[in-house]
Amino acid sequence: MDRSCRHSSSRYRAVTASMLICLLSAGACHAGCPNDYAKLDGHAEQATDAFNSAGASSRCMTARALVRAEQMLLSFVEDYQVQCVLDQEIIDVQRRRLSKAMAAQDGSCGH
Numbered sequence: 001m002d003r004s005c006r007h008s009s010s011r012y013r014a015v016t017a018s019m020l021i022c023l024l025s026a027g028a029c030h031a032g033c034p035n036d037y038a039k040l041d042g043h044a045e046q047a048t049d050a051f052n053s054a055g056a057s058s059r060c061m062t063a064r065a066l067v068r069a070e071q072m073l074l075s076f077v078e079d080y081q082v083q084c085v086l087d088q089e090i091i092d093v094q095r096r097r098l099s100k101a102m103a104a105q106d107g108s109c110g111h
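Read left to right, the sequence shown gives residues 1 to 111 (the numbering used here).
FYI, nobody ran anything at the bench for these hints, they're computed from the structure. Computed from a predicted structure; not experimentally measured. Hints should not be assumed to be uniformly reliable.
[What the hints assert, rightly or not] Across the chosen pairs, the derived CB separations fall in these ranges:
hint, residue 1, residue 2, range
1, 88, 36, 16 to 24 Å
2, 57, 82, 28 to 36 Å
3, 79, 53, 25 to 33 Å
4, 58, 82, 35 to 43 Å
Where a beta carbon is used, it is the ideal one built from N, C-alpha and C, also for glycine.
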């Protein structure tokens, strides 16, 4: 069973388009949207990489960190959907990412 977690390239295209719209709309979105999203997404990427490269002894711990990172990112996209002009697709993809992370945690932590 492949437990690695990967990000969707279609998600990045949708996010990039949304961020561009946000930047061009001058004031129609929260000023921190692009930077906040990029920071949280980068943190989730790092957590994904750590999980994918973790040995058996640290897999559970890194899976928990991955779940926390994905939860924070989902919370952000849900809270700022309107201000950041985010597509519903982005939220749906983030929910799937969190679901995958939770499944990885369950598999790694013996739940």
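Q) What are the numbers of the hints that this structure violates, sorted from low to high? A) 2
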